[in-house]
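Trainee: In order, the protein sequence lines correspond to chains V and B. Counting in my numbering, the first sequence runs from 1 upward without gaps. Counting in my numbering, the second sequence runs from 197 upward without gaps.
To be clear, the hints were calculated from the coordinates, so they are not data collected in a lab. This one's a predicted model, so the numbers in the text were calculated from it and none came from an experiment. Heads up, the beta-carbon is just placed ideally off N, CA and C, and yes, glycines get one too. Check before you lean on any hint, since a few could be wrong.
Below, a sample of chain V positions facing chain B; criterion: calculated Cβ distance under 7 Å [as the list claims (entries may be wrong)]:
| no. | residue |
| --- | --- |
| 1 | Val25 |
| 2 | Asn60 |
| 3 | Asn61 |
| 4 | Gly118 |
| 5 | Phe133 |
| 6 | Arg135 |
| 7 | Phe138 |
Quick list of the computed label-pair ranges, beta carbon to beta carbon [what the hints assert, rightly or not]:
| no. | chain 1 | residue 1 | chain 2 | residue 2 | range |
| --- | --- | --- | --- | --- | --- |
| 8 | B | Gly440 | V | Lys109 | 35 to 45 Å |
| 9 | V | Asp40 | B | Asp346 | 32 to 42 Å |
| 10 | V | Leu23 | B | Pro331 | 37 to 47 Å |
| 11 | B | Gly307 | V | Leu23 | 37 to 47 Å |
| 12 | B | Gly373 | V | Gln151 | 33 to 43 Å |
| 13 | B | Gln237 | V | Lys21 | 13 to 23 Å |
| 14 | V | Thr52 | B | Pro331 | 46 to 56 Å |
| 15 | B | Gly440 | V | Glu108 | 42 to 52 Å |
One-letter residues, chain by chain:
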Amino acid sequence: MKVAIVKYNAGNIHSVINGLKRLGVEAVLTDNAEELAGADKVIFPGVGEASTTMKYLRENNLDRIITGLRQPVLGICLGQQLMCRHSEEGNADCLGIFDVPVLKFQPEKHEDKVPHMGWNTIDPMDDALFKGFDRQEFVYFVHSFYVPVCQWTAAKTDYILPFSASLHKDNFYATQFHPEKSGATGERILQNFLDI
Amino acid sequence: MLAKRIIPCLDICNGRTVKGTNFVNLRDAGDPVELGKLYSQQGADELVFLDITASFEGRKTFTELVERIAAEISIPFTVGGGIHELSDVERLLKAGADKVSVNSAALKNPGLIDEIALNFGNQVCVVAIDGKQTPEGWRCFLNGGRVPTDRMLFEWAHEANERGAGEILFTSMDHDGVKQGYANEALKKLSDELTIPVIASGGAGQKEHFRDAFLLGNADAALAASVFHFGEIPIPELKQYLRGLNISIR
Chain V
1 MKVAIVKYNA
11 GNIHSVINGL
21 KRLGVEAVLT
31 DNAEELAGAD
41 KVIFPGVGEA
51 STTMKYLREN
61 NLDRIITGLR
71 QPVLGICLGQ
81 QLMCRHSEEG
91 NADCLGIFDV
101 PVLKFQPEKH
111 EDKVPHMGWN
121 TIDPMDDALF
131 KGFDRQEFVY
141 FVHSFYVPVC
151 QWTAAKTDYI
161 LPFSASLHKD
171 NFYATQFHPE
181 KSGATGERIL
191 QNFLDI
Chain B
197 MLAKRIIPCL
207 DICNGRTVKG
217 TNFVNLRDAG
227 DPVELGKLYS
237 QQGADELVFL
247 DITASFEGRK
257 TFTELVERIA
267 AEISIPFTVG
277 GGIHELSDVE
287 RLLKAGADKV
297 SVNSAALKNP
307 GLIDEIALNF
317 GNQVCVVAID
327 GKQTPEGWRC
337 FLNGGRVPTD
347 RMLFEWAHEA
357 NERGAGEILF
367 TSMDHDGVKQ
377 GYANEALKKL
387 SDELTIPVIA
397 SGGAGQKEHF
407 RDAFLLGNAD
417 AALAASVFHF
427 GEIPIPELKQ
437 YLRGLNISIR
């Protein structure tokens, strides 16, 4: 199986490469249109700021390449947010795969620290990404912006308010959390994605 | 619910863990990767690797070690020790660290916190503070509590928070190594006043001490070294105990 990771100006991409290696998969890091289109699976990871990364994606035509992909695609963290319509972070117009906005967490009390960082539970729906999940599992989050619960929500998490820990529409999958940093649970989610 | 985190801390010298461990089931307890993996399997929520090597060669060894950790361990980890400037941070993040902890370098040059936050995001920047009680109150110390500074704990923690620190790792030098519990009053004051998570460090000797750090000190995470290394408190047992008290634990 050929797995391609979208190469762009985002941090944390190597942790995804390492995570796949632990599952026995050597992924290719590329921004080449043909290579991305020809892969069996594409992963769109990222840690960074929404408006500057969107600008980079547009300048490098990666916005069109990503939205045009037909094989299973997995966005991780900032990747999930960039797959939405618009982000409050830097007032950025995003890829619009999921027609839903990305909002900034508004703390309601002192305990509501932002960024939402650490291990929190997900409530998965019946979705290929969470195949075999029969109870609440903890995964690792680091983020200050969130996707509200919507018709494409594949897993929910409650922090300040319920939000989309995962999205799915057609061939596009996404997680707000980091499966590559979520221990054995995260490995199961990555493996589920590879098995789609 | 967001879980309270349990964090084993490993001291590294020339690429090896220091302080003996008595894990009989480990091939090489001196190998930080082996030990880190074991902790990860046992349910540690995060790991901290502290480089206590001073030499230039040691720094290179540590960077290579960070690459191995990133390749083999699937939970977040923080690295600290020997970080003087932004290029050190960049080198360690490139090697695969999720967060870096800065201590004396930040005290000497507080602007380093802003630089790290601006370049890599707040969540990357853990500010470690070694505090000790003095007649004037809690004071920041350097070199393992030997050298007093002119900064007071709470005032410095606030400044670090405002400059863009993602977390405060507070070690009470009065409690460290004594195994009589964490500095819960100071922890509570930090947790109640700051807008970022606080990691308790120094003083764990029994399971109850972790409970107190979370319930009395309001800490978001508790770090310990020897109680884990010597198997005095196995992590699965600790987590079971805390879960039984209805503390949110992974």
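Trainee: Give a verdict on every hint.
Mentor: Taking the hints in turn, this is what the structure says about them:
no., hint, verdict
1, Val25, "violated, 14 Å"
2, Asn60, "violated, 22 Å"
3, Asn61, "violated, 26 Å"
4, Gly118, "holds, 5 Å"
5, Phe133, "violated, 15 Å"
6, Arg135, "violated, 13 Å"
7, Phe138, "holds, 4 Å"
8, B:Gly440 to V:Lys109: 35 to 45 Å, "violated, 26 Å"
9, V:Asp40 to B:Asp346: 32 to 42 Å, "violated, 60 Å"
10, V:Leu23 to B:Pro331: 37 to 47 Å, "violated, 57 Å"
11, B:Gly307 to V:Leu23: 37 to 47 Å, "holds, 41 Å"
12, B:Gly373 to V:Gln151: 33 to 43 Å, "violated, 55 Å"
13, B:Gln237 to V:Lys21: 13 to 23 Å, "holds, 18 Å"
14, V:Thr52 to B:Pro331: 46 to 56 Å, "holds, 49 Å"
15, B:Gly440 to V:Glu108: 42 to 52 Å, "violated, 29 Å"
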